[in-house]
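On the provided structure of chain A, position chain B as indicated by the hints.
Number of protein chains: 2
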Amino acid sequence: MFVENSSMYRLIFCSLLSCFIMLDPIAAQDRHTLQIRKMFESVMNEGEAYDNLRLLCKKFGQRVSGSDTAAGAVIFARDLLLKTGADTVFLQGCRVPRWIRGKAETAFINLNQKQIPVRIAALGSSIATPEVGLQARVVEINRLSQLDSIGHELNGKIAFFNVAMNPLHVRTFHAYGEVASIRRNAASLSARYGAVATIVRSLASNTDEHPHTGNMAYAASLPRIPAVAISTRDADLLSGLLKTNPALSFYMETHCRMADSVLSYNVVAEWRGREKPGEYITVGGHLDSWDLGEGAHDDGAGCMQSVEVLRVFKQLGYRPKQTLRIVLFMNEENGLRGAIAYQDSARARKEIHRFALESDAGGFSPRGFAFKCKTPAQFEKIRSWRSYFEPYDMALFTSDGGGADISGLFDLGALLADLRPDSQRYFDVHHAASDVFETVNRRELLLGSFAMASLIYLVSEMGL
Amino acid sequence: MFVENSSMYRLIFCSLLSCFIMLDPIAAQDRHTLQIRKMFESVMNEGEAYDNLRLLCKKFGQRVSGSDTAAGAVIFARDLLLKTGADTVFLQGCRVPRWIRGKAETAFINLNQKQIPVRIAALGSSIATPEVGLQARVVEINRLSQLDSIGHELNGKIAFFNVAMNPLHVRTFHAYGEVASIRRNAASLSARYGAVATIVRSLASNTDEHPHTGNMAYAASLPRIPAVAISTRDADLLSGLLKTNPALSFYMETHCRMADSVLSYNVVAEWRGREKPGEYITVGGHLDSWDLGEGAHDDGAGCMQSVEVLRVFKQLGYRPKQTLRIVLFMNEENGLRGAIAYQDSARARKEIHRFALESDAGGFSPRGFAFKCKTPAQFEKIRSWRSYFEPYDMALFTSDGGGADISGLFDLGALLADLRPDSQRYFDVHHAASDVFETVNRRELLLGSFAMASLIYLVSEMGL
Numbered sequence: 005m006f007v008e009n010s011s012m013y014r015l016i017f018c019s020l021l022s023c024f025i026m027l028d029p030i031a032a033q034d035r036h037t038l039q040i041r042k043m044f045e046s047v048m049n050e051g052e053a054y055d056n057l058r059l060l061c062k063k064f065g066q067r068v069s070g071s072d073t074a075a076g077a078v079i080f081a082r083d084l085l086l087k088t089g090a091d092t093v094f095l096q097g098c099r100v101p102r103w104i105r106g107k108a109e110t111a112f113i114n115l116n117q118k119q120i121p122v123r124i125a126a127l128g129s130s131i132a133t134p135e136v137g138l139q140a141r142v143v144e145i146n147r148l149s150q151l152d153s154i155g156h157e158l159n160g161k162i163a164f165f166n167v168a169m170n171p172l173h174v175r176t177f178h179a180y181g182e183v184a185s186i187r188r189n190a191a192s193l194s195a196r197y198g199a200v201a202t203i204v205r206s207l208a209s210n211t212d213e214h215p216h217t218g219n220m221a222y223a224a225s226l227p228r229i230p231a232v233a234i235s236t237r238d239a240d241l242l243s244g245l246l247k248t249n250p251a252l253s254f255y256m257e258t259h260c261r262m263a264d265s266v267l268s269y270n271v272v273a274e275w276r277g278r279e280k281p282g283e284y285i286t287v288g289g290h291l292d293s294w295d296l297g298e299g300a301h302d303d304g305a306g307c308m309q310s311v312e313v314l315r316v317f318k319q320l321g322y323r324p325k326q327t328l329r330i331v332l333f334m335n336e337e338n339g340l341r342g343a344i345a346y347q348d349s350a351r352a353r354k355e356i357h358r359f360a361l362e363s364d365a366g367g368f369s370p371r372g373f374a375f376k377c378k379t380p381a382q383f384e385k386i387r388s389w390r391s392y393f394e395p396y397d398m399a400l401f402t403s404d405g406g407g408a409d410i411s412g413l414f415d416l417g418a419l420l421a422d423l424r425p426d427s428q429r430y431f432d433v434h435h436a437a438s439d440v441f442e443t444v445n446r447r448e449l450l451l452g453s454f455a456m457a458s459l460i461y462l463v464s465e466m467g468l
Numbered sequence: 005m006f007v008e009n010s011s012m013y014r015l016i017f018c019s020l021l022s023c024f025i026m027l028d029p030i031a032a033q034d035r036h037t038l039q040i041r042k043m044f045e046s047v048m049n050e051g052e053a054y055d056n057l058r059l060l061c062k063k064f065g066q067r068v069s070g071s072d073t074a075a076g077a078v079i080f081a082r083d084l085l086l087k088t089g090a091d092t093v094f095l096q097g098c099r100v101p102r103w104i105r106g107k108a109e110t111a112f113i114n115l116n117q118k119q120i121p122v123r124i125a126a127l128g129s130s131i132a133t134p135e136v137g138l139q140a141r142v143v144e145i146n147r148l149s150q151l152d153s154i155g156h157e158l159n160g161k162i163a164f165f166n167v168a169m170n171p172l173h174v175r176t177f178h179a180y181g182e183v184a185s186i187r188r189n190a191a192s193l194s195a196r197y198g199a200v201a202t203i204v205r206s207l208a209s210n211t212d213e214h215p216h217t218g219n220m221a222y223a224a225s226l227p228r229i230p231a232v233a234i235s236t237r238d239a240d241l242l243s244g245l246l247k248t249n250p251a252l253s254f255y256m257e258t259h260c261r262m263a264d265s266v267l268s269y270n271v272v273a274e275w276r277g278r279e280k281p282g283e284y285i286t287v288g289g290h291l292d293s294w295d296l297g298e299g300a301h302d303d304g305a306g307c308m309q310s311v312e313v314l315r316v317f318k319q320l321g322y323r324p325k326q327t328l329r330i331v332l333f334m335n336e337e338n339g340l341r342g343a344i345a346y347q348d349s350a351r352a353r354k355e356i357h358r359f360a361l362e363s364d365a366g367g368f369s370p371r372g373f374a375f376k377c378k379t380p381a382q383f384e385k386i387r388s389w390r391s392y393f394e395p396y397d398m399a400l401f402t403s404d405g406g407g408a409d410i411s412g413l414f415d416l417g418a419l420l421a422d423l424r425p426d427s428q429r430y431f432d433v434h435h436a437a438s439d440v441f442e443t444v445n446r447r448e449l450l451l452g453s454f455a456m457a458s459l460i461y462l463v464s465e466m467g468l
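Chains as they are written, first to last, in our numbering: chain A, 5 to 468; chain B, 5 to 468.
If we strip away everything but chain A, and leave its shape as in the complex, we get (with noise of 0.2 Å):
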């Protein structure tokens, strides 16, 4: 009796204590403050997304859509979500292109009688070269406004986009937009002059030997070439040799096809609302990567920060208002197969999407955030928040936001949101054999896991 009488007086004392918490803006203040600070301590001392990312690269390494590796990937990821603790995790099916880079790529300038050796790789979604490769002369093309006057020379030759990414955009990621599309484009732009391949100078932010490969595409009338990216160095040398023997030849032979789709599979984890089960918020990362190096930053590291955000939430016996689903995609990298998925299933169910948070510009240390929002006055109720991520250092909020995976997902409702790490060493590894679990630092990826399990907890507590 002495001890019902107890409790009940204690439930009673906490409900007015909650009471009083919850109307006192300031109280909340704190409370949001050191539910902050709780989160930040249990990954900082606790966090197992460094571990996690570990055991996918070393264990799988590259996942390319559509390969064994991915496959295994994604029973992985749902064991981990499982045993972090999610509420459920199911496989959500998508198609998804299968791409085969076949025998490593081999090419060569031809230089009075020597050949030169350089570092190439098929652009995903390419054609092979002949099995016994193919020999041409090469034009080079700095700017695509060349192209109407130099395009006639392109017949019969080898097309040599050597466009660098613009060195003068503090964040790299304004230069890669600036010059992706000639990636993509670069085939049917230079087809349609009657070239028989392409070469792309890769899209890295510094000078390196590495080939760095990216999705391509063909336009449908056009004739289908190969295309590859060529290291930044050995572009650099082809540039200066051309300079002084424009009649040098280069010799190319790549061995990738394009095979039947395959069935694959988004890594889907929920851990139920606490006010509003029907309401979602979703958080994540790509599971699929390109098929060189390990897909460690891009984007090894948004799943499994992802999956931080569950483990953090878990320890703390946190729960949002709203139902978290922490979504590893498949496919982003040449189809966006799992997005589509994703989003055509919350159409059909009628679901409601509340916000959207990814991370897919790798797992270097956090500077803030970029969101996509319905109105003005929905930023500035956000930047609102920046005082909570001072004290980490984190508190640059731009409103360019957005994200391949989730972007379908505005239209839904949601409001968007991807993590900005410190942008200076992505381009040295991006869809090169250079982005290995190595070049991940712990405490780095930790702080974007604290990063967006903050976020996640605000966007909840404070509503949008």
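Hints were generated in silico from the structure; no laboratory data involved. Every residue, glycine too, gets a C-beta built ideally from N, C-alpha and C. Be careful, since some hints might not be right.
Said to hold, decoys possible - Here are some chain A residues pointing at chain B (derived, C-beta under 8 Å):
#	residue
1	His-156
2	Asn-159
3	Arg-371
4	Asp-397
Coordinates of chain B only, in the frame set by chain A:
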């Protein structure tokens, strides 16, 4: 005649125009913004800091005070500053301690007749073990406050200070600051209780296999015992084994010694002021390093960034009002003899020092600066310049600035600042064999140079 007249009109017009620009604060702001932009373009397009750092690291490698490689680096730096176009370059003598590691260290844990090898490195200034090595039981200390209670157990044993850097400091230098004194004083703290040697957990932010060295000192009144750093991974191993095998023993063999002091030099370059050549602004880093790795981040980066400031000023034809001194200090790591020589000379010559800027926190992505001002109003004035740095994402200004090599200039009247790069990766490489050129990112290093040049420009043009 016509030409002369035309020249004269042009002169008058330009004079009027520049008067107008000088008097209009908005025009002045635009002028500063433009000049800063020009520096940005010059540094990012043509900056040489990265290539110079490669030369420094690969030609000389480690540059511990008094070594031949440090002497070689002095000549290299002098020639580089002359080539870059300084008005004067001189070597400023200072006698430096010469500590020599000798043959690589050996260490293992003796457990049940098995020898488990571990990685150690003698701490700078330490004496060696006897030639045949030293073996003893180990007492682990996790907090300095434990010494009172368990000090009596240390007699005849090895004191193992296993105190990790606190992961909850966002800025890793704060964590370092808390524990650096343990490394410095561990030998004397434990020798007081009869310890025969001391092992200190490496000061690293993450777990790795490298011992991280650093300076230590002996209290005059206590016996001198050998002091070593153990890699964080092996510290965890040793700690784990001690829990179940408290009687295990540890063998170590080090061969370091203190040789006679050596005459060495600061490398000092001047870029004469256009208005007040007798007043000085100092920018610099330290040319010496520890004897593991290549001293790339610590502090080849800061040195080559400082040289880059001169390069960009020279290229743009910009002279600050005050004379700019580029100072590559000698012996920051274990004696500060270069810093003392520079201050002593400044005092003796009654030089007027206005501002000093140091880069000694690694060549990572710059986030802003820390300042040490004379008054809060001064800091507020400087904070108002943040708008110039915001477009470059480096506008984090704090008031906890300083810097080992420049701190003495504060009492001579100078306001101090130090570049604050992102600190997450710094203690992965600090004082370890992993501090090599390959861990430096070109864009990050150059962005730091640009930040430094811009701050010096503003200090000189706006005044303090």
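How the hints compare with the structure:
1. Look at A/His-156: its Cβ only gets to about 32 Å from chain B, farther than 8 Å, so that hint breaks.
2. Here the hint on A/Asn-159 is broken, as its CB sits about 35 Å from the closest CB of chain B, past 8 Å.
3. A distance limit of 8 Å between C-beta atoms decides the matter here; for A/Arg-371 the minimum to chain B is near 7 Å, and the interface restraint holds.
4. Taking 8 Å as the C-beta cut-off, the interface hint given for A/Asp-397 holds, the closest approach to chain B being about 6 Å.
Going down the numbered hints, you'll see the structure goes against 1 and 2, while the others check out.
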